[in-house]
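Please build the complex by placing chain B on the supplied structure of chain A, with the hints as guidance.
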Amino acid sequence: MKRIISLRLNGKPVEDAVSDNTLLIDYLRDNHQLTGAKKGCDGGECGACSVLVNGRPRLSCITLTASCQGNDIETIEGQAKNGILSALQRAFHENLGAQCGFCTPGMIMVAESLLRRNVNPDENEIRQVLGGNLCRCTGYVKIIKSVRAAARMMETVS
Amino acid sequence: MSELLPEFEFVRPKTIEEALEVFKAKPQSRFCAGGTDLVVNMRRGFVDLETLIDLTSIPGLKNIDFDQGGLHIGAGVTLRTLTENSQIATIFPAVAQAAGSIAGPNHRETATAAGNLCLDTRCLYLNQSHWWRKSNDYCLKYKGDICHVAPKGNRCRAAFSGDLAPALLVYDAQVDLIGPEGSRRIPLKALYKEDGADHLSLRTGELLISIFVPSNQARSAYEKIRVRGAIDFPLAGVAVSCEDIDEVTYRFKLAITGTNSMPIVIDVPDLTIENTDPDAYFQAMGKLIQKAVSPQRTTTIAPHYRRLSIAALAARIARGLLL
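Top line first, the protein sequences correspond to chains A and B. First residue of the first sequence: 1, per the working numbering; consecutive thereafter. First residue of the second sequence: 1001, per the working numbering; consecutive thereafter.
In isolation and in its complexed conformation, chain A is listed as follows:
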């Protein structure tokens, strides 16, 4: 069964016909070619598919698109504005927070939701919030360093 779904995607209103059984990650990747969110474990265990729904992290590989009617969805593709990287994107780039890069979009989106509500998180908070995101390359040290660097950038700007 298909239905018309209306939502905001990276700030822009969109309307699409989607099947009731379409997962959000498939909708983003196949309907809108937003391939930043990755299907890693395909079962909500790795966090590589994390996007923001109404500003909060959501595992798009276990979220039904039909359940997102009227919601505000943000993906990694919406983070850079006018060609300028977000603080987190820049910090991950400068601090080698990404190695193979597969987990990075999920890491950045979850960290983004943290920094929006707490611009100065301590290391423990960062570890807690990123607890659902797996990385097989970095050993997490540089990811945490990147989030802290982004927090400092945002604090300086504000």
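Any given hint could be a false lead.
Below, simulated DSSO-like cross-link-like pairs (lysine-lysine); rule was C-alpha separation at most 30 Å, straight line [stated by the list, open to error]: (1) B:Lys1193 <-> B:Lys1291; (2) B:Lys1134 <-> B:Lys1152; (3) A:Lys39 <-> B:Lys1143; (4) B:Lys1024 <-> B:Lys1143; (5) A:Lys2 <-> B:Lys1014; (6) A:Lys12 <-> A:Lys81; (7) B:Lys1193 <-> B:Lys1026; (8) A:Lys142 <-> A:Lys39; (9) A:Lys12 <-> B:Lys1014; (10) B:Lys1134 <-> B:Lys1189; (11) A:Lys2 <-> B:Lys1024; (12) A:Lys2 <-> B:Lys1026; (13) A:Lys39 <-> B:Lys1152; (14) A:Lys2 <-> B:Lys1062.
Hints were generated in silico from the structure; no laboratory data involved.
Chain B in isolation, oriented as in the chain A frame:
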């Protein structure tokens, strides 16, 4: 297009009555809230349904209320909300600790209290892809004839892995159910059965709508054993509450998850400091737990390890709750 879930119809009722009506009209339905367990199981291909009844738009299911009688938790309260509620963390610490230990932070954004109480049982031979299970001739829980964990047995041994249930059981929580035959309130303990393939005593079309935790002065804590520090289901988990009966007597309540097909409550004698050696008491408590639990080969970690470690963990928590 990437691989899809099986075909189904998504329905989002606005009231409980409407949700029950949908179920009545379409018996091949399943109720769903956060979907963090159900959608994964659908994806793995061992949940058959024609209609998914999404309960997230029903007002009133997301409330947390305290009154003189105790705490009322709406079925749709998310685990994040439960974890962040400072009153719950103060008055019923085991409940907040259990909620905060479930899955990962991203799951807890949408996963709900009732969803965790009604979590499906899990097993090494079940939570696999369809082709894996097919090549193994399926199992007793879904489409198969034998339980690969205990082939000579006649029931499914899949383990219940919800963390919230033991934390609520030590507080004698009750659950409110509503269904085609009306409403009823039952002790949480009565919600469960020791059968991995049919572990809930919910009647057909019945819905858990709220949890009631009676007022209680007991101190409590919840901890679990797991391979990773986040996301993992418990290999075994234990909630302990400790009530001061008088200046020298303590009453402990224990509830354990992850070792059986249902969460189990273990009765232990009171500890009277005056005439009992605490070391001997906690050692005996550990032995009692070892006898009461029944971990099976449902995880990659050996049952014996789970049995010994949950007993040691429970005794350690209990000792820590003494004043």
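Verification of the supplied hints:
Restraint check for B:Lys1193 and B:Lys1291: the C-alpha separation of about 19 Å stays at or below 30 Å, so the hint holds. Proximity of B:Lys1134 to B:Lys1152 is assessed by CA-CA distance (about 20 Å); at most 30 Å being required, the pair is judged to hold. Of the pairs offered as hints, the one joining A:Lys39 and B:Lys1143 holds, with about 28 Å between alpha carbons and a cut-off of 30 Å not exceeded. Between B:Lys1024 and B:Lys1143, the direct Cα distance comes to roughly 25 Å. Compliance with the 30 Å bound is thereby established for this hinted pair.
Using a Cα cut-off of 30 Å, the hinted pair A:Lys2 and B:Lys1014 holds, with the two alpha carbons roughly 20 Å apart. Distance check on the hinted pair: A:Lys12 and A:Lys81 sit about 13 Å apart at the alpha-carbon level, within 30 Å; holds. For the hint pairing B:Lys1193 with B:Lys1026, the CA-to-CA distance comes to about 26 Å; that is within 30 Å, so the pair holds. Between A:Lys142 and A:Lys39 the CA atoms are separated by roughly 23 Å; this keeps the pair inside 30 Å, and the hint holds.
The hinted pair formed by A:Lys12 and B:Lys1014 meets the criterion: a straight-line CA distance of about 27 Å does not exceed 30 Å. Pair hint B:Lys1134 plus B:Lys1189 does not hold up; C-alpha atoms about 34 Å apart against a cutoff of 30 Å. Of the pairs offered as hints, the one joining A:Lys2 and B:Lys1024 holds, with about 23 Å between alpha carbons and a cut-off of 30 Å not exceeded. For the suggested pair A:Lys2 and B:Lys1026, the alpha carbons sit about 18 Å apart, so the restraint of at most 30 Å is met.
Taking the CA atoms of A:Lys39 and B:Lys1152, the gap is near 39 Å; set against the 30 Å cutoff, the hint is violated. A hinted pair counts as satisfied when its Cα atoms are at most 30 Å apart, and A:Lys2 with B:Lys1062 qualifies at roughly 29 Å.
Violation of the numbered hints given earlier is confined to hints 10, 13; the remaining hints are satisfied by the structure.
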